[in-house]
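One letter stands for each residue in the lines below.
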Amino acid sequence: MPDFSILTENFDIYLHGFRNTILASVIALLGSFAIGTVIAVFRITPIRPLRWAGAMYVEFIRNIPLLLVVFVFFYGLPSLGITLSGFVCGTLGLMIYTASFIAEAIRAGIMSVPKGQLEAAQASGLTYVQAMRYVVLPQAIKIVIPPLSNQSLNLIKNSSILGVFAGLDLMYFGDQIASRTYVTFDTYIFVALFYLVLTLPLSYMARQLERKLAKSG
Amino acid sequence: MDFAGALSPDNLRFILEGFYVTLKVAFISIVLSFVLGCLVGTIRYAKIPILAPVLGVIVEILRNLPLLLIIFFTRFALPDIGIKLDVVTSAIVALTLFEGAIISEIVRSGLNSVNKGQIEASRSSGLGYTQTLWHIVMPQGLRRMVPPLVSQFIALLKDTSLAVVISLPELMNHSKIVIAQSYDFVIPVLMVVALLYFSVNYALSLIARRLEAKFV
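Sequence order for the protein chains is U and Z. If you want this note's numbering, it's the position in the first sequence, counting the first as 1, plus 41. If you want this note's numbering, it's the position in the second sequence, counting the first as 1, plus 16.
It is possible that part of the hints are untrue.
Stated by the list, open to error - Below, computed lysine-lysine pairings styled on DSS-like, alpha-carbon distance capped at 30 angstroms: (1) U:Lys183 to Z:Lys40; (2) Z:Lys230 to U:Lys183; (3) U:Lys256 to Z:Lys100; (4) Z:Lys132 to U:Lys256; (5) Z:Lys230 to Z:Lys100.
If you're looking for bench data, these hints aren't it; they were derived computationally from the structure.
I would like the entire structure built from these sequences, with the hints used as guidance.
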C-alpha cells in the first residue's frame with residue numbers, strides 16, 4: 042500500500058505539475074495540428090519544391106528522437122545567443138516532432154479517397170477548394186481520426202520530456218518530490234496515477250470513436 | 017561553429033561508442049519486447065482465463081504511461097522494494113515492458129484480423145485449437161503485423177535516447193558530454209547525432225515500406 046501522505050502533503054506540487062503537463066500538451070497539440078496540416082498540404086500540392094520540402098520535413102523529423110529535437114532548442118539555440126526556458130523548449134520540440142506524424146496521417150487520409158471523387162466533383166462544377174471541402178475531406182476525416190487521436194495520446198505521454206529540461210511539468214515535480222522525501226517508489230506511483238487520469242479516459246474515448254467510425258463505414 | 021574541433025578523432029570515437037550502446041540496447045530490447053509482445057498478445061487473443069484479463073490490465077496501464085516514467089521507475093523506484101538493477105539492465109527492462117505492451121496490441125489485432133471463417137473451416141476439418149492457431153491464424157496474422165512492427169522497432173530505437181535520464185552511456189549521453197566542451201561544438205555535434213539516428217531509422221523505414229508493399 043503506498044504512503045498516501047506523500048500525495049496529500051505534496052498535492053499542490055503534483056497539481057501544479059499536472060496543470061503544466063496539460064498546458065504544454067494543449068499548446069503543442071494545437072501547434073502540431075497547424076504545422077502538420079500545412080505540411081500535409083505541401084505534400085499533395087502539384088508544386089514540386091513544396092512537395093519536396095514537405096517530404097524532407099516528415100522523413101527527417103520522424104526518424105530522429107524527440108529528445109534530439111528538444112536538444113536543438115535547449116542547447117543549439119543558446120549557442121546562437123537565444124535562450125529559452127525548459128518549458129518553452131520542450132513544448133516547441135513536441136510541436137515540431139508531432140507535426141511530422143500528424144502531417145503523414147492527414148496525407149494518408151486524403152490519399153485514401155479515390156481520385157475519381159475529386160474529378161467527379163470538379164466535373165460537376167465545384168471548384169478545387171469546394172471539392173476538397175465538401176467531397177474529399179469529409180471522407181478523409183474518418184480515416185484520419187484514429188491515427189490522430191493516437192498521436193495526441195502519444196504527445197501527452199511524450200510531454201514528460203519537459204522533465205529532462207526542468208520544464209516544471211508533472212515528471213519534473215515528481216522527480217523533485219522523490220529527491221526531497223526519498224520515498225521514490227510511492228512518489229512515482231502517484232505520478233503514474235496522474236498520467237493515467239489523463240491518458241486512460243482519452244484512450245478509451247479514442248477506441249469508442251474508432252469503433253463508431255468503423256461501423257458507419 | 018567549429019566542425020573540426022567538435023568532430024576531432026577523440027570526440028568522434030566517443031560519439032560512435034555511444035551510438036554502439038544505443039544500437040546494442042535497442043537490439044536486445046527489440047528481441048525481448050518482440051518475444052514478450054507475441055506471448056502476451058497470443059494469450060490475450062486466445063482469452064486464456066485469469067491470465068488474459070490480468071495481462072490486459074497491465075498492458076493498458078503500461079501503454080498509457082510515459083516511457084520516461086517507466087525508465088525512472090526501473091532505475092530509481094525499484095531499489096525501494098529491494099530490486100536493484102544496473103543502468104543497462106534497467107533501461108532494457110523499461111524499454112521491454114513498455115514496447116512489449118504496445119507490440120502485444122499489434123500482435124493481438126493482427127491475429128484478430130484473420131477471418132473467423134478460416135478458424136471455423138480449420139476446426140471442422142479436424143485441427144485442434146492450438147494447431148489452428150499455429151498453422152492457420154499465426155502465418156496470416158503475422159504477415160499483417162510486419163509493417164506496424166517495423167515502425168514500432170524504429171520508435172524503440174529512438175526511445176533508447178530517453179535512457180539519458182539514468183545516464184546510460186548511449187548516443188545522447190555522449191553527445192551531451194561533447195557539447196559541454198564548447199558552445200561552438202553544439203550544432204556540429206547535434207548534426208552528426210541526427211545523421212546517425214536518421215540513417216539507421218530511414219533504412220529501417222525503407223524496409224518497412226518494401227514489406228508493406230509485399231504483404232498488404
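Right, here's what the structure says about each hint:
1. U:Lys183 to Z:Lys40: With Cα atoms ~40 angstroms apart, Lys183 (chain U) and Lys40 (chain Z) exceed 30 angstroms; violated.
2. Z:Lys230 to U:Lys183: Distance ~26 angstroms between Lys230 (chain Z) and Lys183 (chain U) Cα, so the pair holds.
3. U:Lys256 to Z:Lys100: violated (49 angstroms)
4. Z:Lys132 to U:Lys256: holds (18 angstroms)
5. Z:Lys230 to Z:Lys100: violated (45 angstroms)
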